[in-house]
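Dock chain B with the ligands against the given chain A, drawing on the hints supplied.
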Amino acid sequence: MSAPTPAGGTGLRGRVGGYAGLLLVVLLVAIPLYWILISSLKERPDIYTVPVSWFPDPVTGANYSTVGTGVAFTDYLRNSVVITATLTVVQVALGVLSAFALAFLRFPGRTAVLLFVIGSLMVPNQITVISNYALVAQLGWRNTFAGIIVPLAGVAFGTFLMRNHFLSLPREIIEAAEMDAAGPLRMLWRVVLPMSWPTLIAFTLITIVNEWNQYLWPLLIADDASVAPLPVGLAQLQDTQGLTNWGPVLAGTVLTMLPILVIFLALQRHMIKGLTAGAVKG
Amino acid sequence: MAAVTFEAATRSFPQSDRPAVDSLDLEIGDGEFVVVVGPSGCGKSTSLRMLAGLEPVSSGRVLIDGVDVTGRRARDRDVAMVFQSYALYPSMTAGENMAFALRNLGVGAAEIRARVAEAARILQLEDLLDRKPARMSGGQRQRVAMGRAIVRDPKVFCMDEPLSNLDAKLRVSTRAEIAALQKRLGTTTVYVTHDQTEAMTMGDRVVVLRDGRVQQIGTPTELYERPVNTFVAGFIGSPSINLVDGVPVREGRAVVAGSLQVPVPPSGAGLGSVTVGLRPEGVDVGDGPTGDGRLVARVLRVERTGAEIFALVQPVGLSDGVKYRGDHLVVRLDKRLAVEEGAELSLRVHVDEALLFDGDGDALR
Ligand SMILES: Nc1ncnc2c1ncn2[C@@H]1O[C@H](COP(=O)(O)OP(=O)(O)OP(=O)(O)O)[C@@H](O)[C@H]1O
Ligand SMILES: [Mg+2]
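The listed protein sequences derive, respectively, from chains A and B. If you're matching positions, the first sequence starts at 2 in this note's numbering and goes up one per residue. If you're matching positions, the second sequence starts at -7 in this note's numbering and goes up one per residue.
If we strip away everything but chain A, and leave its shape as in the complex, we get (with noise of 0.2 Å):
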């Protein structure tokens, strides 16, 4: 551990200003969730009082029951659930093995290869999303699964992530692997990827939140709650009533960020580093 200050210790007001630095962030970031949270469980007058009342009294199921009620709050979950699956699952092969590729095989066009995939980094979504949709509509796909996840599959990111934490793993391991025979797969699955789980973690942490959220798409080619994902579902609960009925789309945003937590909790403690330790070096 290195800190960038002189060795002999900060000073105590150093030290103060570094915490209360890492307070305000914590605060910026954890007064919002905790304001959904509250508001989520409040009565529906006590979301608008002022001053604000910063614990719910009385504490309430109503909002989340209206979730329920009020929208197919399953059938959304359900999309969601295939939307975010299909496309990880997808995604992550795609990048890993793409990745692969131009970390470790030679073949002619790499470098143009690689170029091509940094550019698409550089187009933003919103530039594609009128001729894919022509695309999509021609095809037949409007309101189907196919339609929502085949033009989010691409994987530009991941590609690059992947490419560039493959490079930095110790090249005499690749070598002893490629001089022990194995096959690319092989050395893919039992050499390469032993030492990246902490970054493929990441990546599909990523992956999950990113596609989880995804919302412009679906809302254009989605048309009801057969194949239209959560986000779409919750700005449904948003005007059902004509004017915002805060309770319930907030309760809609808990339930929706649930499922991400909980994963996030789950894979956080593996992405851990020194999965090369002892490899090299004596």
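Calculated directly from the structure, the hints in this document are not laboratory data. Quick caveat: nothing in here was measured; it's all calculated off a predicted structure. Where is the CB? At the ideal position from N, CA and C, for every residue including glycine. Treat each hint with caution, since some may be false.
With beta-carbon atoms standing in for the labels, derived distance ranges [as the list claims (entries may be wrong)]:
1) A/W198 to B/A172: 34 to 44 Å
2) A/L95 to B/V99: 28 to 38 Å
3) B/R10 to A/T112: 24 to 34 Å
4) A/L95 to B/S51: 37 to 47 Å
5) A/L95 to B/G130: 35 to 45 Å
6) B/E295 to A/W198: 50 to 60 Å
7) B/R95 to A/R270: 46 to 56 Å
8) B/R127 to A/N211: 56 to 66 Å
9) B/R10 to A/L106: 58 to 68 Å
10) A/L262 to B/R10: 55 to 65 Å
Facing chain A, according to a computed beta carbon distance under 10 Å, are these residues of chain B, among others [unchecked claim]:
11) R65
12) M73
13) Y78
14) R95
15) R144
16) D152
17) F302
18) V314
19) Y316
Incomplete in silico selection of chain B near chain A, CB under 10 Å [what the hints assert, rightly or not]:
20) R41
21) A66
22) D68
23) R69
24) V71
25) A79
26) L80
27) F92
28) A93
29) N96
30) L97
31) C150
32) D326
Just chain B with the ligands now, with coordinates in the frame of chain A:
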């Protein structure tokens, strides 16, 4: 088991103006232990990696058992490598590390178990087979890396400074173990090191490289006693040979000092001055039979290793124009000798062991 041949093998890296390895010619016999030695950056690793198939050959050829393998992939060459960093697979136990290549080659499970057990027995790794590299000492990792090479029973072993991560003591014992193991297995081995002691003690033959070019290939004794140039003379031997430049030649004798004259061989006839090399152990102290050269020197410093004494001395009475490299000569003395700093020593030089080089540093024979 196999013979290895480098035929003008050259490797140039795109950005650099001179090749990392420049037309390497080397014949390695079946079962031979050849050590490649040289200072850092001279192209040792690159040569080895060309043989292993990890580095492309820019021009020339590499042959194993007479078969041109220049264009072949590493995995198809039947060569095993021990890396300087060991490069163990961190997620696998020692046993799995050793078995990995065999699994990839489709060897049967029973056979794999037998071969890993045999390698573990030879290398005394039996208790470590289920342990992962992170929980091993440097020496244990080194042995696993050796094990990974020997279970394959390859045609050639390539070893790139496999001992450089070990502490001095372990290095000496492991050195002997590797040499003995190689003799027992009889596998052709190319061993890279920058340590001249390893080169001298382990190799059947030693290749000295400098700036990508072979300087000399020979047995350790040949390199020590008949180096082809001042570079090899200076590189082999510890402490280094004393090189004395600008020694005038008179009547066929190189006159270091009035009392120290070395006969110049016929190939040096006509040279005005030569370089004389004197090994630190090529001198005795005190009077003795005539016929030897004599030199008087003042002691600057005394280094005692326990078994011997190295005296850093400044000779007096040298001929005009004679200059020695460094600011002193090193002589090895009997540990029983009482030498004091500042004292004057009367040295007897074994003139027949002195080495002579011309102005370009090439040996005169
Ligand atoms: N990938 C590379 N790209 C460019 N130049 C390289 C590369 N690898 C090695 N070289 C150069 O080739 C020369 C020989 O390198 P090599 O690794 O063979 O040296 P070495 O004898 O093994 O040295 P050391 O004892 O330090 O390991 C060096 O001058 C080095 O700078
Ligand atoms: Mg090297």
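*Looking at the structure, which of the earlier hints fail to hold?*
7, 8, 9, 17, 18, 19, 32
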